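Chains as they are written, first to last, in the numbering used here: chain A, 24 to 169; chain B, 2 to 505.
Just so you know, the hints here were simulated from the structure itself, not pulled from any lab data.
For clarity, every value in this text was computed on a predicted model and none was experimentally measured.
One thing to keep in mind: the hints can contain errors.
Using 30 angstroms as the maximum straight-line C-alpha spacing, the simulated DSS-like pairs for lysine-lysine come out as follows [stated by the list, open to error]:
#	chain 1	residue 1	chain 2	residue 2
1	B	K431	A	K80
2	B	K297	B	K286
3	A	K91	B	K431
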Amino acid sequence: MRGDRIFGLVMIVVALGYILSATTIRSSFMSDPVGPRIFPYLVGVVTILCALVMVLKPDPDVEWPIGKTLLNLGVALAILFGYAVLVKPLGFILPTIIVSGILSYQINPQPKLAALTGLGLGLGLFVLFKFILGLGLKGLPPALMG
Amino acid sequence: MDLLNNLALGFSIALSPYTLVLAVIGCFVGTIIGALPGLGPSNGVALLIPISFSMGFDAISALVLLTSVYYGAMYGGRISSILLNIPGDEPAMMTTLDGYPMARQGKAGEALVVSGVASFVGAFLATVGLMLMAPWLARVAFKFGPAEYFALYMLAFCTLGGVGSNNQAKSAMAACLGLGIAMIGLDKTTNMQRFTFGNMHLFDGIDFLVAIVGLFAVSEVFHFIETHGKNSAIGVKLGKVLIPWKMLNDTKGAMLRGSGIGFLAGILPGAGASLGSFLAYMGEKSISRDKDSFGKGNPNGVAAPEAGNNAAAGGALIPMLTLGVPGSGTTAVLLALLLTLNITPGPLLFTERPDVVWSLIAALLIANVMLLIMNVPMVKVFVRILSVPSYILLPGVTMIAFVGIYSLTGSSFDMMLMVAFGVLGYVCRKLDIPTVPIILGILLGNAMEDNMRRAMILSDGDWTYLFSSPIAISFWIAAVLGFIAPIFLRRFLKKPPLPTTDED
Numbered sequence: 024m025r026g027d028r029i030f031g032l033v034m035i036v037v038a039l040g041y042i043l044s045a046t047t048i049r050s051s052f053m054s055d056p057v058g059p060r061i062f063p064y065l066v067g068v069v070t071i072l073c074a075l076v077m078v079l080k081p082d083p084d085v086e087w088p089i090g091k092t093l094l095n096l097g098v099a100l101a102i103l104f105g106y107a108v109l110v111k112p113l114g115f116i117l118p119t120i121i122v123s124g125i126l127s128y129q130i131n132p133q134p135k136l137a138a139l140t141g142l143g144l145g146l147g148l149f150v151l152f153k154f155i156l157g158l159g160l161k162g163l164p165p166a167l168m169g
Numbered sequence: 002m003d004l005l006n007n008l009a010l011g012f013s014i015a016l017s018p019y020t021l022v023l024a025v026i027g028c029f030v031g032t033i034i035g036a037l038p039g040l041g042p043s044n045g046v047a048l049l050i051p052i053s054f055s056m057g058f059d060a061i062s063a064l065v066l067l068t069s070v071y072y073g074a075m076y077g078g079r080i081s082s083i084l085l086n087i088p089g090d091e092p093a094m095m096t097t098l099d100g101y102p103m104a105r106q107g108k109a110g111e112a113l114v115v116s117g118v119a120s121f122v123g124a125f126l127a128t129v130g131l132m133l134m135a136p137w138l139a140r141v142a143f144k145f146g147p148a149e150y151f152a153l154y155m156l157a158f159c160t161l162g163g164v165g166s167n168n169q170a171k172s173a174m175a176a177c178l179g180l181g182i183a184m185i186g187l188d189k190t191t192n193m194q195r196f197t198f199g200n201m202h203l204f205d206g207i208d209f210l211v212a213i214v215g216l217f218a219v220s221e222v223f224h225f226i227e228t229h230g231k232n233s234a235i236g237v238k239l240g241k242v243l244i245p246w247k248m249l250n251d252t253k254g255a256m257l258r259g260s261g262i263g264f265l266a267g268i269l270p271g272a273g274a275s276l277g278s279f280l281a282y283m284g285e286k287s288i289s290r291d292k293d294s295f296g297k298g299n300p301n302g303v304a305a306p307e308a309g310n311n312a313a314a315g316g317a318l319i320p321m322l323t324l325g326v327p328g329s330g331t332t333a334v335l336l337a338l339l340l341t342l343n344i345t346p347g348p349l350l351f352t353e354r355p356d357v358v359w360s361l362i363a364a365l366l367i368a369n370v371m372l373l374i375m376n377v378p379m380v381k382v383f384v385r386i387l388s389v390p391s392y393i394l395l396p397g398v399t400m401i402a403f404v405g406i407y408s409l410t411g412s413s414f415d416m417m418l419m420v421a422f423g424v425l426g427y428v429c430r431k432l433d434i435p436t437v438p439i440i441l442g443i444l445l446g447n448a449m450e451d452n453m454r455r456a457m458i459l460s461d462g463d464w465t466y467l468f469s470s471p472i473a474i475s476f477w478i479a480a481v482l483g484f485i486a487p488i489f490l491r492r493f494l495k496k497p498p499l500p501t502t503d504e505d
């Protein structure tokens with residue numbers, strides 16, 4: 024119940040913002056009868072209708088993660104974002120070892136196995152992608168390699 | 002004979018040693034992907050597109066490789082259904098109903114062989130159907146104008162929303178989400194910025210591969226962290242695998258019927274393989290003399306849905322190749338592959354790039370034979386791979402997703418976007434909002450708007466033009482029916498519950 028209602032409300036706000044933003048799209052000298060704004064308007068309106076249905080007729084609620092699980096998910100999200108930022112300056116191997124180690128620990132909390140998984144994936148995937156599949160990855164921090 | 006000439010052309014390209022090796026690799030990798038719980042045809046192919054693109058394959062090699070993966074994953078899905086009672090992918094769900102009880106009765110080997118042969122029959126017949134029907138449909142599609150295409154896209158979204166989900170509002174909203182995302186970037190007709198908010202990264206729009214990998218692959222990680230990989234326990238042991246000739250003979254009717262039903266379901270834009278296996282199972286159950294044995298290990302209950310889901314996989318390629326409208330999540334991903342390779346599916350594909358179409362079809366036939374050979378005697382190899390624990394598998398999948406997007410775009414922004422799509426995928430899964438319409442929306446959004454605008458240019462702004470031809474009107478009617486009818490049918494067509502796993 025609550026999940027659907029909240030998501031529906033969020034989507035209504037998003038769709039209103041979307042329509043508002045669509046009003047600022049400028050037309051150009053090459054114009055057609057429809058123009059660049061109508062289709063986004065339609066999409067926004069249908070979204071609002073669907074979101075209203077979700078708010079008024081929500082499905083039975085599912086169990087949402089609370090407490091420790093939610094924290095775990097937050098940590099996972101943070102390290103994935105971190106990975107996206109750091110993989111360029113730090114090279115492939117080091118961030119991959121750390122991130123896959125942490126993810127592994129989160130799925131199965133055994134430090135030793137997680138560390139081994141991290142090491143194995145970091146080095147193994149590097150060898151696979153760099154040398155077997157021939158992708159242009161940088162393994163170590165490019166700054167160190169000069 | 003046009004057909005034979007075309008086939009000869011296809012085989013002349015697809016039978017080169019290099020493409021054959023690619024097909025073997027694709028089939029092998031695909032079966033593994035299909036068998037691993039949590040990885041199915043759609044996210045498997047999604048993960049591999051950016052990587053194979055970065056490796057610089059030409060169009061035909063990439064197509065052969067990834068369609069082999071696609072068919073392989075359709076085969077592989079049954080392995081974990083039968084042995085673990087966990088469908089490797091959604092279409093394989095119906096196979097668990099009788100496959101797992103068979104395995105519990107010590108007939109795991111028989112179930113695997115029957116389902117493997119059923120997969121072969123379904124996929125083979127569907128590929129033959131594809132050869133016969135696709136060129137014909139491509140000729141029909143030449144008559145389609147922008148109004149017909151617009152109605153066709155509506156039909157795809159509506160049937161996908163109506164048939165493929167539990168809640169029409171949610172799936173329509175998902176489609177809108179995708180369409181809305183597709184609008185981001187430069188407007189093709191006027192070259193004006195839309196929804197970029199001045200952000201340089203958004204000028205080219207959001208790459209559909211980023212969305213697909215995020216929604217299909219990264220979201221799995223969150224799901225597994227939440228469940229702590231609880232569903233990864235090994236179920237039934239597999240004994241010696243012998244070929245049960247009698248059982249194969251007994252189930253041949255079910256295989257053929259399942260193939261027919263699945264193929265038809267596959268052709269419907271938006272319906273796809275899950276519906277194919279579902280209808281094949283329900284159909285087989287309704288004509289069977291001992292209905293009670295279904296769900297308790299009836300081999301027909303394994304053969305029919307497995308033939309159905311593989312036939313649907315082949316059938317779904319027909320609207321995808323001839324009209325550019327995918328019939329399922331995986332064909333949506335294959336459409337993404339074609340677009341990445343700069344191949345635009347549609348009627349013109351058949352006249353302008355017959356080499357692509359027919360080598361693809363030849364590759365499907367080859368992959369199918371290879372998969373039968375791999376999946377019957379070598380099934381034990383794949384069973385062993387099933388025991389990769391999720392605490393290695395999921396981090397690995399995530400890293401592969403990152404590598405793919407990183408080597409494709411080289412941008413941190415796209416990787417963050419991919420993670421954001423992963424979160425969206427997780428939330429959608431929690432709320433039972435289907436993610437396939439989002440992908441379809443992103444893939445088709447620009448074409449849909451484009452057709453609408455071209456229709457309006459042709460008619461000088463008269464909206465009734467969209468409903469002016471008989472073809473367009475029948476698409477609209479089918480769209481409305483496809484969206485509304487399931488509300489009433491749902492009462493009669495309830496999904497049977499999965500067999501329970503007792504802890505003994």
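Okay, the hints, checked on the actual structure:
no.	hint	result
1	B:K431 / A:K80	17 angstroms, holds
2	B:K297 / B:K286	12 angstroms, holds
3	A:K91 / B:K431	18 angstroms, holds
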